[in-house]
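Visitor: Each chain, letter by letter, is given below.
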Amino acid sequence: MTRAMEHNLNGSTLAPGDVQLIVQEVMLRFGGVTALAGVSLEVRQGQIFSIIGPNGAGKTSLLNCTSGLYRPQQGEILFSNHHQTTDLVHMPPYRIAKMGIARSFQNIELFKHMTVLDNIMAGCHVHMKTNILSGMLYWGAAQREEIAFRQFAEEIIDLLEIEAIRKQTVGSLSYGLQKRVELGRALAMKPALLLLDEPMAGMNSEEKEDMARFVLDVNEEHGVTIVLIEHDMGVVMDISDQVVVLDFGRKIGDGTPEEVRHNPEVVRAYLGEDLEQTELKSFSFSS
Amino acid sequence: MQSGIFHSTYEKDMALRHTPAQKIRLALVIVVIFALPFWADNYYLTLANQILITIIGAIGLNILTGFTGQISLGQGGFMAVGAYTAGLIATRLGMPLWLSIPIASLVTAAVGGIFGIPSLRLKGLYLAIATLAAQEIIVWLVTHWDAVTGGVDALNVRNYLWFQGARMRFTEFQFYWIALALCVGTVFATVNLFRTRVGRAFVAIRDQDIAAEVMGIDLFRYKVLAFATSSFFVGMSGALIAHWRQIVTWERFTVDISILYLAMIIIGGLGSVSGAIYGAIFMTLLPAFLNSVGRSLGGVFPLMDNLIPFIQKAVFGLVIILFLVFEPEGIAKMWRNVKDYFRLWPFSY
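Chains A and B supply the protein sequences, listed in that same order.
The first sequence begins at 1 in my numbering and counts up one residue at a time.
The second sequence begins at 1 in my numbering and counts up one residue at a time.
Bear in mind the hints are in silico, worked out from the structure with no lab data behind them.
Please note that a few of the clues may not be correct.
As the list claims (entries may be wrong) - Below, computed lysine-lysine pairings styled on BS3-like, alpha-carbon distance capped at 30 angstroms:
{"id": "1", "chain 1": "B", "residue 1": "Lys339", "chain 2": "A", "residue 2": "Lys129"}
{"id": "2", "chain 1": "A", "residue 1": "Lys129", "chain 2": "B", "residue 2": "Lys123"}
{"id": "3", "chain 1": "A", "residue 1": "Lys98", "chain 2": "B", "residue 2": "Lys123"}
{"id": "4", "chain 1": "B", "residue 1": "Lys339", "chain 2": "A", "residue 2": "Lys112"}
{"id": "5", "chain 1": "B", "residue 1": "Lys313", "chain 2": "A", "residue 2": "Lys167"}
{"id": "6", "chain 1": "A", "residue 1": "Lys112", "chain 2": "B", "residue 2": "Lys12"}
{"id": "7", "chain 1": "A", "residue 1": "Lys129", "chain 2": "A", "residue 2": "Lys112"}
{"id": "8", "chain 1": "B", "residue 1": "Lys333", "chain 2": "A", "residue 2": "Lys112"}
{"id": "9", "chain 1": "A", "residue 1": "Lys167", "chain 2": "A", "residue 2": "Lys208"}
{"id": "10", "chain 1": "B", "residue 1": "Lys23", "chain 2": "B", "residue 2": "Lys333"}
{"id": "11", "chain 1": "A", "residue 1": "Lys167", "chain 2": "B", "residue 2": "Lys23"}
Note that the structure is a prediction, hence the values are computed from the model and not measured.
Please take these sequences and the hints and turn them into a complete structure.
Guide: Encoded structure:
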């Protein structure tokens, strides 16, 4: 029953394949702990770009640097959209959001007393214009804008198949549904670049399959670039165009899923020195 | 009994009232509001005016604390700004009250915005202490800036309808309509605010400020805006008190008032406009009710005369505690429960 969407969710002006995000020698320290020790990578428009690595490798730190929550001590994070390239390192998070970078969080960070619909509408914040005075009057332009964005929000609700829960308070929903709503809220920003931090963590295989399908839909039908952190190797190897492997804040592997799977350093990081010859593949599907 | 609510347009789905029952309830409330002043005596009209003014102040505080999640102990101080500004410009400049009230509200909004600046760095209890400082600073200024405020002496306020016109003395009946108009305006503005963009941003900041910032909400700007919006209505409530009582003294705006208002919105329901209304009504009527009970008891037990004021205070405290224990989400939630029960009645399973 999903109807065709009138709106495209992609907020990027780049052509598919153009370089969208360049992370250049990013260094992030917390006191004596080095979270990122000079990481560089390049994300192209239209990719599904996965970041993998053991716990504490610096994956989430890298995402937090990109969305402005952490400020790296060294390095540049260059983002291209609307025909200009900007360094994100010294920008506050809300301005980075306005440039078209949306994200979800590892531990769900929804507005949990709001309804699903309000969460998604809150995601439209940067695209809406109503100011406080016209909002208080709820007249004319303010009402028209609310209705127009309600329509847009409903398209996202259709896409993610959460029609039945649209008026429920988010805090009362199951974990899997909350993850889906969080994806919806990020999509409401019409992102040029979508950062997903473990969107499938803690899900059963059916929910994982659904989530993978939504991620693929968003990427293939709307052309939204996706940077994905995920521990489920099956999903990562299946849907990624490019995979980067981090370990102790360093990049130890970069390439297609096939290349990364056979990279000896990656295998060593995951399995330890002794099992150097073992293929990553053999353990990744065992769990 | 209804099976569901079905709408064919988003506009209808986004309306505030959907069912005939909701519309009938609203109509009843309107009838009561308009009929009340015609049969109530002066005592009840005074209570009604106090309730209307308190509602405006409680909604103001709820915007900041209930909706945006910024705990404020500065309510009394902000009300003092509104009351003194309105009182001074009306009395010294002979300004009519339809001008002095909005000006006082705007001045309070500006003051509130300034005291909201620390909220970028401070959260929760730390912010509460910072707003407590605002409260004390404002009261100190009011009592020590003799040349302007008259210091600890009471400020007599004059009401004008026109610049330097004849001095007005409003009856409780006349003042009821002024307070009612502003109260209804406040309710409408706030309800609408929280179903549009800026209001959602406020609630987003309360629920999850980091996520809100990543969604493109400038925390600093919106927190200061929440302080200013809240203070606007709190100042309006203070200005109304000045014009209603025609006397302003600093004792009315101490930290007790700040705590009383916090209790009001907690009992009524945090983060809901109707909660602020119920809380204001409850907290105004309960002392009045205890008073009249105390007076009639005093006739029966003359020896207890001295004790009755203390018993009143104890009962007041007890009722608040019982409320918090049995319905922490306040009167607004209780009323929702009652409505839900009768919506499905008699098949409430």
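Visitor: Are the hints correct? Go through all of them and say.
Guide: Results of checking the hints against the structure:
For the given pair, B/Lys339 sits about 36 angstroms from A/Lys129 by alpha-carbon distance, which is inconsistent with the 30 angstroms threshold. Pair hint A/Lys129 plus B/Lys123 holds up; C-alpha atoms about 28 angstroms apart against a cutoff of 30 angstroms. Of the supplied pair hints, the one linking A/Lys98 and B/Lys123 holds, its CA atoms being roughly 25 angstroms apart against a limit of 30 angstroms. Restraint check for B/Lys339 and A/Lys112: satisfied, since their Cα atoms lie roughly 24 angstroms apart, inside the 30 angstroms limit.
Restraint check for B/Lys313 and A/Lys167: not satisfied, since their Cα atoms lie roughly 42 angstroms apart, outside the 30 angstroms limit. Our distance criterion of 30 angstroms between C-alpha atoms is met by A/Lys112 and B/Lys12, whose separation comes to about 25 angstroms. Under the criterion of a C-alpha separation no larger than 30 angstroms, the hint pairing A/Lys129 with A/Lys112 is consistent with the structure, at around 24 angstroms. Between the alpha carbons of B/Lys333 and A/Lys112 the distance comes to roughly 17 angstroms, so the proposed pair stays at or under 30 angstroms and holds.
Of the supplied pair hints, the one linking A/Lys167 and A/Lys208 holds, its CA atoms being roughly 24 angstroms apart against a limit of 30 angstroms. Of the pairs offered as hints, the one joining B/Lys23 and B/Lys333 holds, with about 20 angstroms between alpha carbons and a cut-off of 30 angstroms not exceeded. For the proposed pair A/Lys167 and B/Lys23, the alpha carbon gap of about 21 angstroms is at most 30 angstroms, so the pair holds.
Going through the hint list in order, the structure does not satisfy hints 1, 5.
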